[in-house]
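**Student:** What follows is each chain in one-letter form.
Protein chains: 2
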Amino acid sequence: MAPDLVIVGSMAFDSIKTPFGKVEKTLGGAATYASIAASLFAKPGVVSVVGKDFPEEHLEFMRNRGILTDGIEIADGKTFHWAGAYEYDMNEAHTLKTDLNVLENFSPNVPESFRDAKFVFLGNTDPRVQLSVIEQMDIENCFAALDTMNLWIRISKDTLTAAIKKVNAVFMNDAEIRMYTGTPNIVKAAKEVLKLGPEFVIVKKGEHGSLLFSEDDVFATPAYPLENVVDPTGAGDSFEGSTMGWIAKTNDTRESNLRKAMIFGTAVASFNAEQLGMSKLIEITREDVDERVELMRRITRFD
Amino acid sequence: MAPDLVIVGSMAFDSIKTPFGKVEKTLGGAATYASIAASLFAKPGVVSVVGKDFPEEHLEFMRNRGILTDGIEIADGKTFHWAGAYEYDMNEAHTLKTDLNVLENFSPNVPESFRDAKFVFLGNTDPRVQLSVIEQMDIENCFAALDTMNLWIRISKDTLTAAIKKVNAVFMNDAEIRMYTGTPNIVKAAKEVLKLGPEFVIVKKGEHGSLLFSEDDVFATPAYPLENVVDPTGAGDSFEGSTMGWIAKTNDTRESNLRKAMIFGTAVASFNAEQLGMSKLIEITREDVDERVELMRRITRFD
Chain A
0 MAPDLVIVGS MAFDSIKTPF GKVEKTLGGA ATYASIAASL FAKPGVVSVV
50 GKDFPEEHLE FMRNRGILTD GIEIADGKTF HWAGAYEYDM NEAHTLKTDL
100 NVLENFSPNV PESFRDAKFV FLGNTDPRVQ LSVIEQMDIE NCFAALDTMN
150 LWIRISKDTL TAAIKKVNAV FMNDAEIRMY TGTPNIVKAA KEVLKLGPEF
200 VIVKKGEHGS LLFSEDDVFA TPAYPLENVV DPTGAGDSFE GSTMGWIAKT
250 NDTRESNLRK AMIFGTAVAS FNAEQLGMSK LIEITREDVD ERVELMRRIT
300 RFD
Chain V
0 MAPDLVIVGS MAFDSIKTPF GKVEKTLGGA ATYASIAASL FAKPGVVSVV
50 GKDFPEEHLE FMRNRGILTD GIEIADGKTF HWAGAYEYDM NEAHTLKTDL
100 NVLENFSPNV PESFRDAKFV FLGNTDPRVQ LSVIEQMDIE NCFAALDTMN
150 LWIRISKDTL TAAIKKVNAV FMNDAEIRMY TGTPNIVKAA KEVLKLGPEF
200 VIVKKGEHGS LLFSEDDVFA TPAYPLENVV DPTGAGDSFE GSTMGWIAKT
250 NDTRESNLRK AMIFGTAVAS FNAEQLGMSK LIEITREDVD ERVELMRRIT
300 RFD
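Protein chains in written order, with numbering that gives the first Met the number 0: chain A, 0 to 302; chain V, 0 to 302.
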């Protein structure tokens, strides 16, 4: 069966500590958050790797949400484990531990049935893996987007740039795009990334919302103002997963539809931050999301 | 002659250094920025103090913009002098010098002709001064708003709280409202300030836009995405001055009109940041502002 949207990225066990609670070795990872978020709108197929310690029930859970798991390799060894903590301001994760385990030597194998998908999201992972997936897909005929993080900008900038040159859209947070371009101004930084080839650059600013840059236009949206931010883990991944899920579902890559997609992404990401890990993300329905999208209209409207 | 809007606050000489330039002892101060911004929409009357060293040409310049200067006391001594510097990130001013001079013992005297004004903006200054102006005005019959800063929250919190209890709207930036309430979450912090009495709390977030809180509603707007931020000095004051100027001009204090007012404020503040000091603010016309308000519509719209 062919997915609407191929999603690549890490799958992980996360140990998270915030001022409001903690959780040990819960299901996490960029591809996990992104695919669960995307499954609110479309049928994602995941390309990733887990270890022999990864419970079958997690895969079963994903399949029950309509996520295709054929592209998840179960490798000898342990699943990637990330441990992080947040202070009261919640703006930055302090990484306490990163055990790459099976992720370290992951060489992705995109299932035959995934290769003609029209949408690909290369979630945060080694740019080598992102490039390898690009090479296995019919990249000229699909809409591909990529996310990254400070680690890859530091240690694999050239490979990352090679991947950026092949995709239609780039997601980065404000600190990452400043670091990648060496330009403190976000507008200038986004224009530099556009010059590399992508049609769209989406800058994520957490509680401050997000920006969409294209050749002729800018779109800016605030975040949904949350009274209870419990855990920002996966907010970016679930924003991206649902943004891409909406685009895949509507099969419309015009700038006007990317704006709308980002509002759906904003709504989903806001739910995700309201509880530890992905406990809220897995609970919400499409109706909950639609309701929050209506609230986004209400809070941003002016005559 | 009666002003549409009374504006209280400091008038100053500013010495500013940013990575893009510097300027010595240029015209500055909260009431100056706010009144010049407000004069794009309405007739402001300023209550402030300057020293004998304050050039008559500055007052003349303000009068030529329709600003009433009768409430500006010329006291024995020197005008308030502020010196500050910004790094590349532009998010925070590093204060290098604060010579209060005539501001230190300022006891405001609101001209008779100002006392029935229907709109008052108590710009950033000693809460004692703000309270004194409140007492001299017909405060029950006017729409009053107040701004403050970290210094007053630290050394005059009780007086500040007394002033907050008397006004309809409070402006604070995100760091200030967190500090004032001791609450890291902005939504919760704003609700705490609303409980003190004001109908509206406006949280300024600089390059990240602003939020308007009222009992039943929230409005969130991004900032105008600027490619060249040269100097953020006075951005908050010009945002507030033009927001209040628009409200005074339209004589409409409904939440829906405050939203619109904040978009005008956002537009004016964005121009102000494009050049050193107030050199751009004094150049722009109402047409320039309307044009940027249209851009704000364009960059925030989604279907």
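Keep in mind that the hints were calculated from the coordinates and are not lab data.
Possibly wrong hints are sitting among the right ones.
What the hints assert, rightly or not - Below 35 angstroms or equal to it, Euclidean Cα-Cα: the simulated DSBU-like pairs (lysine-lysine) are:
hint	chain 1	residue 1	chain 2	residue 2
1	A	K21	V	K194
2	V	K96	V	K77
3	A	K24	A	K187
4	V	K16	A	K190
5	V	K194	A	K190
6	A	K187	V	K77
**Student:** Starting from the hint list further up, note which numbers the structure goes against and sort them upward.
**Tutor:** Hints 3, 5, 6 are the ones this structure does not satisfy, whereas the remaining hints hold.
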